[in-house]
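Please take these sequences and the hints and turn them into a complete structure.
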Amino acid sequence: MMVDAETLQADLRALVGAEHVRPATAADAIDGVPAQVVVEPGDAAEVAAVLRLARDAGLSVAPRGGGSKLGWGNPPRRVDLILSTRRLDRVVEHAWADMTATVQAGCTVAQLQRVLAEHGQRLALDPLWPATATIGGILATNDSGALRARFGTLRDLVLGVTIALPDGTLARSGGKVVKNVAGYDLPKLMTGALGTLGVITEATFRLYPLPSHVSCVRLSASEVSALHPVLLRVLDSTLAPSGVQLHARQGAAPALDLRFEGIAAALDAQLEQLARLAPGIASQPLAPEAWPTAEPLWDDADLALICKASVLPAQLDALVQTIRRVSAPLRLSWELLAQAAGVGWLRLAATNEQALLAALSILRAEVGRLHGSLAALHAPSAVKARLDVWGADESALPLMRRVKEQFDPQRVLNPGRFVGGI
Amino acid sequence: MHPRIIDELRAIVGTHGLIAEPEQLRTYECDGLTNLRVVPSAVVLPASGEHLQAVVRVCHRERIPFVARGSGTGLSGGALPVEGGVVISLSRLNRILEVDIPNARVVVEPGVINLDVTERVAPFGYFYAPDPSSQSVCTIGGNVAENSGGAHCLKYGFTANHVLGLKLVLPDGEIVQLGGKTLDPPGYDLMGVFVGSEGTLGIATEITLRVVKRPEVVQTLLAAFHSTDEAGAAVSEIIAAGILPAAIEMMDALSIQAAEAAVHAGYPQCDALLLVELDGPAAEVALSMERVTEICRGCGAWEIRLAQSEAERMVVWKGRKAAFAAMGRVAPDYIVQDGVIPRTALPRVLREIRQLSEAAGLRVANVFHAGDGNLHPLVLYDRSVPGQEHIAETLAFDIIKLCVQAGGSITGEHGVGREKQKYMSTMYAEPDLDTMQLVRCAFDPQHLANPDKVFPRPRLCAEKQGRYEPHPLEQAGVAELF
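In order, the protein sequences belong to chains A and B.
Take 1 as the starting number for the first sequence in the numbering used here and just add one per residue.
Take 1 as the starting number for the second sequence in the numbering used here and just add one per residue.
A hint or two may mislead.
With a straight-line Cα cutoff of 25 Å, these simulated SDA-like cross-link-like pairs (lysine to any residue) come out [stated by the list, open to error]:
| # | chain 1 | residue 1 | chain 2 | residue 2 |
| --- | --- | --- | --- | --- |
| 1 | B | Lys401 | A | Trp96 |
| 2 | B | Lys155 | B | Ile304 |
| 3 | B | Lys401 | A | Ala97 |
| 4 | B | Lys213 | A | Ser237 |
| 5 | B | Lys167 | A | Glu394 |
| 6 | B | Lys213 | A | Ala266 |
| 7 | B | Lys167 | A | Ser395 |
| 8 | B | Lys155 | B | Ala233 |
Under 7 Å between C-beta atoms, here's a sample of chain A residues computed to sit facing chain B [unchecked claim]:
| # | residue |
| --- | --- |
| 9 | Asp156 |
| 10 | Tyr184 |
| 11 | His371 |
| 12 | Gly372 |
| 13 | Glu394 |
| 14 | Ser395 |
| 15 | Met400 |
| 16 | Gln406 |
It should be emphasised that the hints constitute simulated quantities derived from the structure, not laboratory data.
Predicted model only: the values in this text are computed from it and were never measured.
Ideal placement from N, C-alpha and C gives every residue a C-beta, glycine not left out.
The following block contains the structure:
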C-alpha cells in the first residue's frame with residue numbers, strides 16, 4: 001500500500017529529523033526513474049528504522065552513497081525513497097597497530113585513505129572515482145582496480161559488516177580480526193549485491209602499509225599479440241607486481257603497464273628480471289601518478305557501452321581479437337583496460353544504438369564461449385531498455401532468488417536492478 | 001533407517017559404496033573431536049557427482065539428515081554424524097579433474113587431499129597456498145567447508161581467497177555452479193558464503209582452485225626470547241615496519257618442551273620462540289630479513305638462527321607442526337582451543353591466560369599463528385583424575401571468552417561445528433545469528449545438511465519457513481537457548 005507523500009515525509013522527519021528529509025528532484029532520478037523523497041539517516045539505527053518504515057508502507061528504497069555508480073544495474077522498477085548515506089561519513093576506528101579500520105558506509109574512499117595514510121597505511125584498493133565513491137558504494141558494486149593483482153578485491157579485504165535489513169534488523173557479521181571462521185561469511189555475500197539484500201552501514205577492512213617505493217614501467221608493441229605472452233610470462237614468474245594492466249585501443253598501439261612496490265633496492269632487481277622476460281619489447285619508466293585509470297573510459301559516455309568483462313588471463317589476447325573483429329563491421333570505436341587477472345573495462349562507442357546492441361549480443365556469446373562474462377554497466381537509456389545489463393545465464397539464479405526472498409521478501413531494496421530482475 | 005532406504009542407497013553407490021554394519025559404522029562416529037560420538041544409520045561413499053546427487057535426493061525425499069565428511073580431521077565436531085542420519089564420505093571423489101597452469105587454476109573433486117594439489121602443480125613451480133597442519137591427510141572439500149587456514153595465511157589468505165568456483169549439490173539434490181574459472185561473475189557471491197559454512201548449505205562436487213607461483217626465495221628465522229611479551233612486541237614491530245611475512249609462529253616453553261621431546265627440532269629452551277618466514281623476490285627478502293633480525297634483537301631475542309638450507313627449514317617447521325600431537329608427551333589429555341585476538345592484545349591476553357591457568361590449577365601450552373592473532377591454547381589435563389576434565393573445559397571456555405572480550409573471534413580456523421555452537425552467542429547477538437539463518441533457510445529450508453551444527457540450539461528452521469522465533473518450550477523456560 002502506498003501512503004501519501006505528505007504523511008510519508010512527516011513520518012520520515014520524525015525518524016531522522018526534519019532537515020534530513022527532502023522531496024526528490026529531477027537530479028535524484030535513477031536511470032530516468034524519478035524518486036519521491038530523499039532521506040539522510042544519521043546513524044545505523046536510523047537506517048534500519050527508515051527501511052522498516054518503507055517496508056511497512058510498501059515503498060521501494062534505493063540506497064545511495066556518492067552516486068558515482070548509481071546508474072549501474074538494470075533500471076529500477078520503482079524508486080520511492082532514496083536513502084542517502086551522506087551523513088554516515090566517519091572513520092569509526094583506525095586500529096593502526098592491528099592494521100584494521102572500521103568505517104561508516106558514507107565515508108568516501110579518498111577520505112578513508114587520508115585518515116589511514118596518517119599512520120602509513122591504506123585500503124589496498126584503487127576503485128573508480130575515489131574522491132566521490134563511498135565505502136558502501138564500492139562494496140555494493142564490488143569495485144576494484146589494478147591493485148587486485150597483489151591484494152585481491154574487496155571480498156578479500158573486508159573482515160566485517162553491519163547491515164540494516166528491510167524489517168529493521170541491524171546485524172553484524174564477521175569481525176575485526178583477520179582470521180575468523182565463526183558463522184557465515186555475510187561480508188562476502190553483501191559485496192557486489194548492489195544493495196539488494198540489506199544496506200551496509202559500516203564495514204571493517206584489513207589494511208596494508210603504504211609502499212615505501214613504487215616503480216612503474218610501460219611495455220609497448222604494435223600488437224597485443226606481442227604483449228600478451230609477456231603478461232603470461234610475468235604471471236608465471238617469481239616477479240611480484242602489485243598491478244599489471246593491459247591497455248588496448250582501436251587505432252593505437254597497446255601498452256602493458258606494470259607496477260612494483262617495495263624497498264627501492266629490491267625493485268631494481270625486479271625490473272631487471274622483467275627486462276629478461278620481455279626481450280625485444282620496448283620499455284620505458286612510467287611515473288606512478290601517470291598510471292592509467294579507468295575513469296577516462298566514461299568521458300562523454302552517452303552513446304557508449306561501458307562493460308565489465310571477465311575472461312581467463314590466457315584469453316585476453318583472444319578477447320581483444322574478438323572485440324576488434326566485432327567492432328569493425330559495426331563501425332564501433334573501442335578501448336579495453338584489462339587487469340592481468342582477466343577482468344577489464346571495455347568501452348564501445350557507436351553512432352547509433354542498434355550497433356551497440358548488436359555488438360553486445362555477439363560479444364556476450366563469444367565471451368560466454370570463453371566461460372567469461374560481460375556486464376554492461378553504462379548504457380544509453382534506450383539501449384538499457386532493451387537488454388539485461390548483467391547478461392548472466394546462471395544456474396544459480398533460482399538460488400539467488402531464494403536468498404533475496406529471505407532477506408527482502410517484499411522487494412523493498414533496489415527492485416529489478418540486479419541479475420535476473422532481482 | 002528403513003531397510004528399503006538402505007537398499008535404495010546401495011543401488012546408487014554399489015555394495016562397496018555403502019556401510020550399514022554396526023561395527024563398521026563406528027569408524028565414522030566422530031571426527032578429530034573424539035569426545036563426541038554418534039553412530040550414523042548408514043555411510044555412503046559416492047564415486048561420482050551423479051551418485052552424490054542421487055544420494056542427496058533420497059535423503060531429501062525421505063527427510064533424512066546427512067553429514068558430509070572428508071578425512072575426518074576436523075577439530076570442532078563439524079563432521080559428527082546425526083543419529084538416524086547418513087554420513088556421505090567423499091573419499092572416493094578424489095580426482096584432480098583439470099590442471100590449467102597458464103591460468104593458475106586447478107579443478108578438483110572434494111575428496112582430493114590438500115597436499116596432493118601442491119604435488120600436482122609443483123613441477124610447474126606452483127603451490128596451493130592454504131596449508132592447514134593436517135594438509136597431508138585433510139581434503140579440499142573439508143577445507144572448503146571449514147574455510148581452513150594454516151601458518152601461511154597471514155600473507156596468502158584462507159581457503160576462501162583461493163576457491164574460485166564450486167559445483168554444488170544443494171540439500172534438495174539440485175546442482176548449481178557458483179563462480180568458475182573466471183573472476184567477478186555477476187550475481188550474489190554465494191560461493192563466498194558457502195566457503196566456511198561447515199557443510200550446512202550443501203555439498204561441493206567440483207572445486208576450482210587458484211594455485212600460486214612459488215616465490216623466488218623462502219627464508220625462515222628462529223628467534224628465542226625471555227618472555228612471550230618480548231616475542232609479542234617483536235611481532236607487532238615487524239608488522240608495523242611494513243613487512244608482511246609469509247608466517248609468524250610463536251611457541252611457549254611448554255610447547256617447545258613437547259615438540260623437542262617428539263621431533264628433536266633443536267629448538268633453544270626459552271620462554272618464547274618465534275618462527276618468522278619471509279618469501280618473495282630474493283633482494284626484497286634479504287633486505288627485509290635484515291630488518292626482522294634487527295627488530296628481534298631490539299626486542300630482546302637472545303638467540304637468532306636463520307635456517308641455512310631447505311633441510312634446516314623443514315626441521316624448524318616439523319617441530320611447529322608436530323606441537324599438538326607432541327602434547328601427549330607432557331600430559332595424558334588436552335583440549336585445543338582456537339581463539340583469535342587482535343595482534344596488539346597478545347601480551348595482555350597471554351598474561352590473562354596464565355592467570356586463568358594458575359587459578360584453575362591446570363597447565364596451558366601456547367603454540368599459535370602470532371602474525372594473525374590466532375591462538376591455540378592447549379589446556380592440559382588428566383581424564384583419570386575425577387573432575388579434571390570439567391575444570392579443563394571451563395578453563396578452555398574462559399579463554400575463548402577472553403578472546404571475544406579482546407575484540408576477537410571464537411574460532412580462526414577449526415570451525416564452530418558442534419563444539420562451539422554454544423559459544424556463538426558470546427560473539428554474535430541474536431539479530432546477527434538470525435540474519436545468518438536467512439542464508440540457511442534459502443539453501444536448506446528442510447534443515448537436512450549437517451543439522452544442529454554452527455548455530456546455537458534450538459534453531460528450528462525446518463519447523464517453519466523463515467526466521468527464528470522462540471520455541472514455546474523456550475518461552476516457557478523449559479528449554480534454554482545457549
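The hints, checked one at a time:
Between Lys401(B) and Trp96(A) the CA atoms are separated by roughly 24 Å; this keeps the pair inside 25 Å, and the hint holds. About 23 Å separates the Cα atoms of Lys155(B) and Ile304(B), which keeps this hinted pair within 25 Å; it holds. With a CA separation close to 22 Å, the supplied pair Lys401(B) and Ala97(A) stays within the 25 Å bound. Simply put, Lys213(B) and Ser237(A) have alpha-carbon atoms about 7 Å apart, close enough for the 25 Å limit, and the pair holds.
Between Lys167(B) and Glu394(A) the CA atoms are separated by roughly 12 Å; this keeps the pair inside 25 Å, and the hint holds. For the suggested pair Lys213(B) and Ala266(A), the alpha carbons sit about 19 Å apart, so the restraint of at most 25 Å is met. Restraint check for Lys167(B) and Ser395(A): satisfied, since their Cα atoms lie roughly 10 Å apart, inside the 25 Å limit. Straight-line distance between C-alpha atoms of Lys155(B) and Ala233(B) comes to about 19 Å, which keeps the hinted pair within the 25 Å bound.
Here the hint on Asp156(A) is kept, as its CB sits about 5 Å from the closest CB of chain B, short of 7 Å. A cut of 7 Å between beta carbons decides the hint on Tyr184(A): the least distance to chain B is about 4 Å, and the hint holds. For His371(A), the interface hint holds, since its Cβ comes within 7 Å of a Cβ in chain B; the closest pair sits about 6 Å apart. At its closest, the beta carbon of Gly372(A) sits 5 Å from a beta carbon of chain B; the interface hint therefore holds under the 7 Å criterion.
At about 6 Å, the closest approach between the beta carbon of Glu394(A) and any beta carbon in chain B falls short of 7 Å, and the interface hint on this residue holds. For the restraint placing Ser395(A) at the interface with chain B, the shortest Cβ-Cβ distance is roughly 5 Å, inside the 7 Å limit, so the hint holds. Taking 7 Å as the C-beta cut-off, the interface hint given for Met400(A) holds, the closest approach to chain B being about 5 Å. For Gln406(A), the interface hint holds, the least distance from its beta-carbon to any beta-carbon of chain B being 4 Å, beneath 7 Å.
Of the hints listed earlier, there is not a single one the structure fails to meet.
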